[in-house]
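Given these sequences and hints, build the entire structure.
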Amino acid sequence: MAKIVTFSIDGQKCMAEEGQYLVDAAETNGVYIPTLCNMTGVPPQGSCRVCSVKINGKLTTACTTKVSEGMEVINESEEIQDLRKAIIELLFAEGNHFCPSCEQSGNCELQALAYRFQVLVPRFPYLFPERDIEASNPKLFKDHNRSILCKRCIRAITDERGRRLFAFGKRGDRIGISIDTKLAANISDELADRAAEVCPVGAIIRKGRGFAVPIGQRRYDGQPIGADVEQAK
Amino acid sequence: MKSIVQNVLEKYNSDATRLMDILIDVQEDQGYLPPPVLAEIAETLDISEVDVLQTVSFYHFFSTEPRGKYSVYLNDSVVAEMMGRAKIAEAFEREAGCKFGEVTEDELIGLFDTPCIGMNDQEPAAIINGVIFTELTAFRVKEIVNGMRAGLSVEELRAQSLGDGMNASESLHSTVDNNIHKTGAVIFSDYDPGEALAAISKESLSPEQVIERVKASGVRGRGGAGFPTALKWEFCRKAKGEKHYVFCNADEGEPGTFKDRVILTERPNLVLDGMTVAGYAIGATEGILYLRYEYRYLRDYLEKILADMRAAGQLGKNAGDIKGFDFDIRLQFGAGAYVCGEESALIESAEGKRGEPRDRPPFPVEKGFLGMPTIVNNVETLCQAAKVVVKGADWYRTLGTSQSTGTKVLSVSGDCKFPGVYEIEWGFSVNDILNMVGAETGEVQAVQVGGPSGSCIASNEFSRILSYEDLATGGSLIIIGERHDLLKVVVYNFIDFFAKESCGSCSTCRALTMMYRKTLEKILAGHGKRSDVQAMLDWVPIALASRCGLGHTAPNPIVSTIKNFRHLYEGRIVNADETFESSFDLETSVAEANRTVGRKL
Chain S
1 MAKIVTFSID
11 GQKCMAEEGQ
21 YLVDAAETNG
31 VYIPTLCNMT
41 GVPPQGSCRV
51 CSVKINGKLT
61 TACTTKVSEG
71 MEVINESEEI
81 QDLRKAIIEL
91 LFAEGNHFCP
101 SCEQSGNCEL
111 QALAYRFQVL
121 VPRFPYLFPE
131 RDIEASNPKL
141 FKDHNRSILC
151 KRCIRAITDE
161 RGRRLFAFGK
171 RGDRIGISID
181 TKLAANISDE
191 LADRAAEVCP
201 VGAIIRKGRG
211 FAVPIGQRRY
221 DGQPIGADVE
231 QAK
Chain P
1 MKSIVQNVLE
11 KYNSDATRLM
21 DILIDVQEDQ
31 GYLPPPVLAE
41 IAETLDISEV
51 DVLQTVSFYH
61 FFSTEPRGKY
71 SVYLNDSVVA
81 EMMGRAKIAE
91 AFEREAGCKF
101 GEVTEDELIG
111 LFDTPCIGMN
121 DQEPAAIING
131 VIFTELTAFR
141 VKEIVNGMRA
151 GLSVEELRAQ
161 SLGDGMNASE
171 SLHSTVDNNI
181 HKTGAVIFSD
191 YDPGEALAAI
201 SKESLSPEQV
211 IERVKASGVR
221 GRGGAGFPTA
231 LKWEFCRKAK
241 GEKHYVFCNA
251 DEGEPGTFKD
261 RVILTERPNL
271 VLDGMTVAGY
281 AIGATEGILY
291 LRYEYRYLRD
301 YLEKILADMR
311 AAGQLGKNAG
321 DIKGFDFDIR
331 LQFGAGAYVC
341 GEESALIESA
351 EGKRGEPRDR
361 PPFPVEKGFL
371 GMPTIVNNVE
381 TLCQAAKVVV
391 KGADWYRTLG
401 TSQSTGTKVL
411 SVSGDCKFPG
421 VYEIEWGFSV
431 NDILNMVGAE
441 TGEVQAVQVG
451 GPSGSCIASN
461 EFSRILSYED
471 LATGGSLIII
481 GERHDLLKVV
491 VYNFIDFFAK
501 ESCGSCSTCR
511 ALTMMYRKTL
521 EKILAGHGKR
531 SDVQAMLDWV
541 PIALASRCGL
551 GHTAPNPIVS
561 TIKNFRHLYE
571 GRIVNADETF
581 ESSFDLETSV
591 AEANRTVGRK
601 L
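Protein chains in written order, with the working numbering: chain S, 1 to 233; chain P, 1 to 601.
To be clear, the hints were calculated from the coordinates, so they are not data collected in a lab.
What you were told as hints is all true, and nothing was included just to trick you.
Covered by chain S, per the in silico footprint, the following chain P stretches (three or more residues, Cβ under 8 Å):
1) 41 to 49
2) 54 to 68
3) 503 to 515
4) 518 to 526
5) 541 to 553
Keeping only pairs whose Cα atoms sit at most 25 Å apart, straight-line, the calculated PhoX-like set for lysine-lysine is:
6) K87(P) to K488(P)
7) K240(P) to K3(S)
8) K69(P) to K87(P)
9) K304(P) to K11(P)
10) K518(P) to K85(S)
11) K488(P) to K99(P)
12) K353(P) to K500(P)
13) K11(P) to K317(P)
14) K367(P) to K58(S)
15) K500(P) to K170(S)
16) K522(P) to K85(S)
17) K58(S) to K13(S)
18) K66(S) to K240(P)
19) K13(S) to K66(S)
20) K353(P) to K182(S)
21) K66(S) to K238(P)
22) K170(S) to K518(P)
23) K367(P) to K66(S)
24) K353(P) to K170(S)
Computed from a predicted structure; not experimentally measured.
Virtual Cβ for every residue (Gly too), placed ideally from N, Cα, C.
Next comes the structure, spelled out in structure tokens:
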């Protein structure tokens with residue numbers, strides 16, 4: 001059996017198995033640390049930075065850090081909460097996110113976090129980038145306007161031989177997510193479903209169906225993101 | 001007959017971690033990387049095409065489209081601009097008949113921008129088909145383009161005398177100049193190839209004793225961060241792994257820095273012996289010298305030196321006559337990406353991937369190249385360590401200050417009489433240096449210390465001391481005279497550079513650099529408000545949430561100039577009313593809608 005370590009989050013004593021990632025360890029202790037790029041079962045990447053916490057005074061990401069004995073974590077200070085809010089605002093201002101017309105509204109993790117952090121008007125200038133919608137694939141729409149470049153699809157979606165169907169293209173101010181046209185042309189229904197499912201926003205949409213769950217009955221319509229973790233406490 | 005692509009793949013055993021080498025070799029043969037070639041590479045390596053393309057498109061010297069029989073990469077860094085780059089660019093466009101970013105219709109000439117190529121002391125400069133062209137004038141551009149039309153080889157196009165020192169040697173044969181204006185006791189002093197290894201074998205030093213000696217000398221990383229070198233070696237030596245690796249970081253991408261290029265030219269054996277010493281200390285069998293693609297012209301020269309070292313027994317089995325120590329070194333080239341100077345990004349790149357920095361921990365000393373314990377040391381650091389092994393820690397500590405021992409090689413460029421390389425002991429002030437390089441202090445507006453990621457200081461700070469305890473620097477000083485528009489020419493160039501060079505993985509670095517650029521654009525256009533200036537200061541903690549140093553330091557060009565040159569920002573604020581947003585223009589904003597519905601104004 002794995003060794004149990006004790007650590008603290010905002011002064012609250014917590015216990016977890018040694019080697020567990022901090023986001024998961026926090027969850028088992030009823031503490032919600034917001035994430036966007038993180039996904040259960042897929043190695044963490046630390047690209048969205050929303051799960052930033054202070055550990056022993058140093059800023060780091062909770063999704064990539066393993067808990068260790070005596071670790072002191074600050075999760076909900078004013079500084080950290082404002083940082084997370086700023087990151088969410090950055091993601092909104094960087095892309096083109098028009099929630100009212102988006103199929104994912106209500107299921108979208110970015111939107112849900114914006115509500116949780118009470119984002120009203122971003123502190124950043126909107127960039128209004130010109131981005132495309134790719135509709136050539138038989139099963140998937142790729143709406144680059146909504147992409148937050150979290151790499152979930154890149155990391156989670158591979159074919160039976162382990163080949164990636166999604167990848168980054170370019171870098172910096174020209175970066176985008178590309179889809180492998182050859183492999184994606186023969187994508188199975190299951191994998192296409194999974195691709196749409198792993199996307200935290202509405203950047204990968206399954207063709208041929210929409211609004212299967214009506215607005216009002218969606219994942220975050222009833223309660224804010226993270227409430228399930230906090231209520232389990 | 002096998003295709004060139006198949007030959008290249010075979011040369012690298014169809015090993016996906018050698019993708020950089022595969023792509024470089026194919027591109028140098030074909031001139032670019034056509035999509036069918038990428039498909040062939042993907043098929044053989046059993047990865048998806050989009051996976052190959054994500055590496056290709058990360059590096060700006062790779063192209064999936066033809067870039068012309070002659071591909072001109074003209075440096076567009078700050079010092080190039082200060083030295084008249086605009087006129088040279090104009091001449092190229094006029095003579096070639098195409099714009100930058102384009103290829104002529106006959107596919108003869110392609111013109112492209114590229115960030116700092118490490119030739120700041122001889123700008124304007126360009127790379128044409130891998131060959132460096134320095135000190136360009138509009139007249140020379142005309143000659144060069146005429147030569148291209150006449151089908152001359154790039155060597156014939158140069159029509160310039162060879163550079164000083166080893167640049168003129170047969171295996172280098174380059175017109176690049178060293179411009180060493182001051183030699184010091186450590187780097188540019190006498191060194192016999194193999195001397196550091198001979199010291200180890202003569203004194204029968206154990207790896208631990210080597211580390212102890214380096215520790216006693218106080219050598220710290222010369223790349224800028226200043227981490228104690230011996231400590232890095234010690235951590236790596238103690239880390240468990242089947243193999244250990246030594247990397248020499250010769251990616252030198254910080255605009256304004258070019259000292260590693262000169263060290264590699266004049267003291268290659270000191271660098272390579274430094275790698276070997278480090279290899280001995282940490283228990284490695286392989287060293288990799290990672291060079292930026294801009295320095296591709298050094299390849300044959302360095303390969304020849306490596307071959308000579310093998311012949312002399314300084315590399316290979318029982319390297320340097322040290323029993324049981326087997327060590328060899330190979331070259332690894334990048335393909336154009338500033339972020340690869342960050343150690344974990346450099347390792348990713350050497351593994352054939354996009355140069356995206358890794359999350360730490362684990363640090364490279366525990367899990368680095370191919371998951372094995374790895375040290376990444378700067379060119380100059382390895383030289384310092386090698387000299388310590390030869391001449392001892394006590395000797396070394398007599399140089400520099402108590403906390404900053406040894407010498408530092410500076411890359412000095414911009415508005416001064418003698419741009420070039422200076423090896424000084426730590427402890428000189430900025431004023432001392434300005435006097436040394438022939439800059440008229442009254443005419444110096446600012447000095448950019450440590451490149452864009454460093455700080456831009458004004459005359460009130462020129463008495464500061466170059467050292468780890470005061471003004472720490474990787475060694476680049478760009479002197480900016482009074483005649484330049486600091487915000488437009490320097491600061492904008494730097495922030496644009498960071499926005500383009502961010503790997504794009506962290507939201508904070510990728511998006512925030514764009515927000516800084518857009519806000520500076522607004523201020524430069526005369527639409528800025530006082531609150532915009534304040535906002536840019538308030539954003540700094542967000543940048544610090546990024547994974548690597550690029551993200552952390554990207555706001556520095558703006559933040560350090562707001563701090564030291566605030567009047568330049570405030571002088572551009574014409575709109576005193578904080579509640580009025582003058583950057584919004586109704587007519588421009590609805591122009592597209594008007595066009596769509598055919599509404600005439």
